Amino acid sequence: MVEHSTYSIIKMERKRFNFVRRISKLVQRRKHLFILLGGVTLGLVIVQSMEVAMKHTSTDEYCLSCHVHDHAGDSWKLSSHVDNKGGVQAHCVDCHLPPKGHGHLAAKIKHGAKDVYGYFFKDSTDFNWEAKRAPEIANGFTYESACLKCHTNLFPTTLSQKGDDSHLYYLANQEKMTCLNCHQKMGHYDPTYKHEHNKDFGNNSDENKTVYTAAAEVTEFKNYTEFIPGSSVSFNMKAIPAGEFEIGSTKDDSFSEKDEYPKKKVKLSRFFMAEVEVSWDEFLAWFNQTSSEGRKEGDAKTEEVDAFSGATPPWGAPDQGWGKGTRPAITMSHHAAVMYCKWLSAVTGKNYRLPTEAEWEYAARAGSKTAYFFEGDPKDYSNQTTWNKIFGADTTFIARYVIYDVNSNSKTQDPSAVKANPFGLKNMLGNVAEFCSDWYASNAYAKYPKGEVLNPKGPKKGREHVVRGGSFKDDAGLVRVANRDYTKTKAWLKTDPQVPKSIWWYSDAVHVGFRVVCEPDERVK
Amino acid sequence: MSKKDISRRSFLGTAAVAGVVGAIGTSSLLSSCNGKKSREELDLPPLLDRAPKGKPLKAGLIGCGHRGTGALMNFLSAGSGLTVGALGDVFEDKIHHVNDRLKKYKLEVPEERCFVGFDAFQKVMESDVDVVLLATPPHFRPEHFKAAIKAKKHVFMEKPVAVDPVGVRTVIATARRAEKMGLNVVTGTQRRHQRDYVATYEQVANGAIGKPLSARANWNQEHVWFRRRQPEWTDMEYMMRNWNNFTWLSGDHILDTHIHNIDIVNWFMGDHPVSALGYGGRHRRVTGNQWDFFSIDFDYGNGRFSHSMCRQIDNCTNGVGELVIGTEGYTNCKNTIYNLDGTIKWQYDYPKDKEGKSTGRVKIPPYIQEHIHLVTAIRTNKYVNEAERTAVSNLTAIMARESAYTGKRITWDEIMNSDMRLGPKEYHMGDVDMEFETPVPGTAIKS
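The listed protein sequences correspond, in order, to chains L and Y. Just so you know, we're using my numbering here: the first sequence kicks off at 1 and counts up by one. Just so you know, we're using my numbering here: the second sequence kicks off at 1 and counts up by one.
Rather than coming from a laboratory, the hints here were simulated on the basis of the structure. Given the structure is predicted, the values throughout are model-derived calculations rather than measurements. All residues carry an ideal CB built from backbone N, CA and C; glycine is no exception. Certain hints may be false.
[Stated by the list, open to error] Which chain L residues stay away from chain Y? Per the calculated CB distances, all over 10 Å, these:
no., residue
1, ASN153
2, LEU154
3, PRO156
4, GLN161
5, ALA172
6, THR219
7, GLY310
8, LYS501
9, LYS525
[Said to hold, decoys possible] Pair by pair, the computed Cβ-Cβ distance ranges are:
no., chain 1, residue 1, chain 2, residue 2, range
10, Y, GLY182, L, GLN384, 52 to 58 Å
11, L, ASN443, Y, GLY182, 56 to 62 Å
12, L, ALA317, Y, LYS37, 31 to 37 Å
13, Y, LYS382, L, LYS110, 25 to 31 Å
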C-alpha cells in the first residue's frame, strides 16, 4: 500500500478542485455552446435510434410479429412477390407504405397508430381478412405509388396484346383506378383466383337430379312453384294482390333523399313476384342453355331476332368464391337480367320480366308505410349517426329481415338466413340490390301523370336503370324501402379488360342481382 | 377527358424532361426572359443540315416499294457512316428494283441479306442492322413496329402507322416500350420536320394568332395510281400490288395522305378532336373498295372545330394545305401568319438564290430532315419517339373514316376502345376468303 503524505493529498485535492472549477468556468462562459452541443448529441442519439426504430419496424419479421395475420405472411411467401424466377422480394412495407418522398413517414405513423390501437382494443378474431382484399378497401393500405416504384415499365416486351390494351386503359383512367383493380391477388397468393375467361363457369350440373320437362300450370291467382324445363331448377312465386300505395318519401322521413320526393299515390294491377332473388341455380340454367363463346351474338341489334342469345363466359369467378346454389346470382349486367327474363318466358310459356320500380316498392312495403316493413326507424339502426357510432346501433328487428353491412360478413347470404315480409317475399331489402325495368330519373315521381297513376313504368328514355333494395354492403340507412339507386355502367365495368367491354357481366359490381315478376295471363282466374 | 389521358399526355418522357432541364440551363433561360417558349419546351426537332459523325449505322428496309426506296435513299443521305444491311419485301421484283438503285452507289445488298415473303420482316429484324425502315402497306405496320422494338432496333416508320384501332393501340403500347428501352422512333409525318412549318408553329405556339379556335384542312387531288388485276395473280397478290385501293391495306386515302393535314391541325390546335361526323362516297374509282372523297367535321370541344376534306377525282378544284384561325389572327401553318384584317404579320424567310430571290423551298428537304433527326438522336443520345403522337393523328383519321363509312358520329373514346381490326387474320399468297365491299352509310328506305 502506498501512503500519500498529507501534503500530496492536499495538492491532489486542489488540483482536482482547480480542474472542476476550470471546467465549470468554461461551461459558464460557453454556456450556449454547451447547450447546443448537448442538443446536437441528444438529437443525434434520437435520430440514430429513430433510424434504428424505423428500420426495425419496417422489417417483415416485425410486421408479422403480432401474430394476428400469420396467413398474410404465408400467402405472401407463395405470391409472385417472393416466389419468382428473378429472386426479387417485395417486403411488407414495399407495398403497404408509399415510397419515401410520397408520404412514407406520414403513412407509417398513421398505419402504426391504427395497428397499435387495433392490437390493444380490438379482437383480431373478428377481423374479416377476406373482405379487406376487395380493391376499394385494400387501396386504403396498399399504395399505387409503391407498385409503380418497382414496376416502372408497364409495357415489357413479354406483355400480351390484352395486357398492352389493359395498361393503356389504366393509363387513360389512372384517377379512377389503381393497379389493385386488376392485380388484387398479386401480393398474397390465392390459389382460386383467376383473371381470365372462365369457360367452365357453371358446368357443375348434377346428372342424378330430376330434370323437369314441363313448366308449372298456373290457372289460379295464388302462390305457385315454377319449374324450369330442361333443368332441375324450381323456384317459388308469390301472388301479390292488386292495390294502391304511396311511393316515395317525404322530407320529414329520416335518411330520405331528394330523388324519393314527392310521395305519389300509385295503383297497381296484380302480379306474381319471386319469393327470393334469382339464385345461381336459376341463372346458371339459363347460362348453360344459352351461353355463347362468340361475343358478337349478344349484340343489341340481334335482340329482336333471337331472344336466346346468351352470355359470354365471365372473367374470373362471378360468385366471388362465396358459393353458388341458392345464393343470389350477382354481377350480371342489367342487359343479361333482361335477356334471362325473355328466355325464362319462352321456356315456361309465361310472361316473366323485371319488376317496375313501383311494383318493387309496393311488394317491398307489403302494406307498410314506414321506412321498413318491420318496426323501427333508420335512426335506430344506422351506424352513421354519432350516437350509434359511439354506443352501437340497435339491430333487434332489422337483423332478422335484412342482410346488410352489420350481419353480412361482407358477402351475400343464403335466403334461409332471413324472414319474409308480409307478402312472403325474402330479401327485398338487403342481400343484393335488385334491377328494375325503369330508366332512372331523379325526378321520376314528379313526372308521373296527373290524376290516377296506374302501373307506372318510369321515364321513356334514360341512360341508367333503377336499382332497389340496397345490399349486403349497405348501412341500414340505405336498405330503406323507399331508397333509390341506379346502375353505374361505366364504373361497374371499370376493370373489364375486354375491348369493347362485356355487355353480360359487370367486372366491378358484386352487390347487384335481380328478382323476376310474372304477369298473370288470361289463363289465370 | 382527363389530363392523364394517354392521348393528351405530354410527349416528353421523363427521360426527355431530364434532358430538357439540362438544356434549359443555357438556351431557354435566355429565351424565357422575353417570354418566348424554347424549342425544347415546344418539343421541336433539331434542324441540322447533316447528322453529326458517329457510330456507323446500318439500315434494314422492310417494304421495297417507291416510298421504301425513297426512305432508304433519304436515310443514306442524312450523314456519313450510313449504310444499308438488309432488304425485305413480299415480292422479289421489288427487291431487285431497290438493288438496281443501290448499284449506282455501290451499295447493293447481297442476296443472302435480301428476304422475300410475308416473314421477310422477321428475317430483317434478326439481321445485324441498327435501324429498320418500315415502309410496307400500312396494314402491317403495327406488327412490324412491335417486332422491331422486340429486336431492339431503332425505327423509322412511314405514316399511316395503322389502319384500325387495334393497330393503333399496338403502336401506342409499343411506343411506350421503345421509350423504356431507349430506342428512337421517327415517323414519316414529314411536315413536322419541314423548316417552314416548324418555324410557323413556333410563332403560333408563342401566341402569334392568339388562341387557336378553328381550322380547315384539305388534300384534294387527281386520282392516284392503281393496278388492274392480272390473270395470273391470286387475290392476295392482286390486293398487295394494288394496296393503295383497299381499305384494309391502306386505311383509305383519308389516312394515307390526308393524315398529314390532320396531323398538322392536331399539332397547331394542341389537341385531338373529341368526335367526328363526316360523309363521303365513291364515284370514279375503278378498283378496290375505297372511297373517292371525304368531308369531315371534327369537334375539338368548347366550340372549336376543324373541317377536313380530301378527294381523289380528276378535273376538280384541287389543293393541299391547312388553315388555322385564332383569336388574334390566322395562319396557313406553312409559312405565313395573318392579322385578322388579312394583312401579313409574319412570313418564313426562305433561302435565297444567286439573284437574291426567295427560292420558296426549305434548305433541307423534310424527307431527309427526318432521317437526320433520327441519326442525330441515335448518335448524340437525344432521345426521340414520335410514334405515339402520330398514332393519335392516325386514330383521328380512323375516327373520321369510320364516321363517314357508317354515317354516324364517332367519339374518341369509342374509337380508342374499338376492337375493329381490318383484313385477313393470316397472310399467304393465295385466294382470300373475304368480301371487300365498298361501305354504304345508313340503311335503305323501307317502301
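Hint-by-hint comparison with the structure:
1. Its beta-carbon lying about 5 Å from the closest one in chain Y, ASN153(L) breaks the requirement of being farther than 10 Å from that chain.
2. Not every CB of chain Y is more than 10 Å from the CB of LEU154(L) (nearest about 7 Å), against its label as outside the interface.
3. Not every CB of chain Y lies more than 10 Å from the CB of PRO156(L), the least distance being 7 Å, so the non-interface label is violated.
4. With a closest Cβ-Cβ approach of about 7 Å to chain Y, GLN161(L) is found to fall inside the 10 Å limit, against its non-interface label.
5. Not every Cβ of chain Y is farther than 10 Å from the Cβ of ALA172(L); the closest lies at roughly 5 Å, contradicting the non-interface assignment.
6. Chain Y leaves THR219(L) outside its interface by the beta-carbon criterion, the shortest separation being 42 Å against a cut-off of 10 Å.
7. Here GLY310(L) stays apart from chain Y, with its beta-carbon at least about 20 Å from theirs, past the 10 Å limit.
8. Consistency note on LYS501(L): stated as away from chain Y, yet its beta-carbon is not over 10 Å from all of that chain's, at 8 Å minimum.
9. Every CB of chain Y is more than 10 Å from the CB of LYS525(L) (nearest about 43 Å), matching its label as outside the interface.
10. In this structure the hint that GLY182(Y) and GLN384(L) lie 52 to 58 Å apart at CB holds, the actual value being about 54 Å.
11. The beta-carbon spacing between ASN443(L) and GLY182(Y), approximately 57 Å, falls within the hinted interval of 56 to 62 Å.
12. Between ALA317(L) and LYS37(Y) the C-beta distance comes to about 53 Å, which lies outside the given range of 31 to 37 Å.
13. In this structure the hint that LYS382(Y) and LYS110(L) lie 25 to 31 Å apart at CB is violated, the actual value being about 44 Å.
Against the hints set out earlier in the document, violations occur for numbers 1, 2, 3, 4, 5, 8, 12 and 13.
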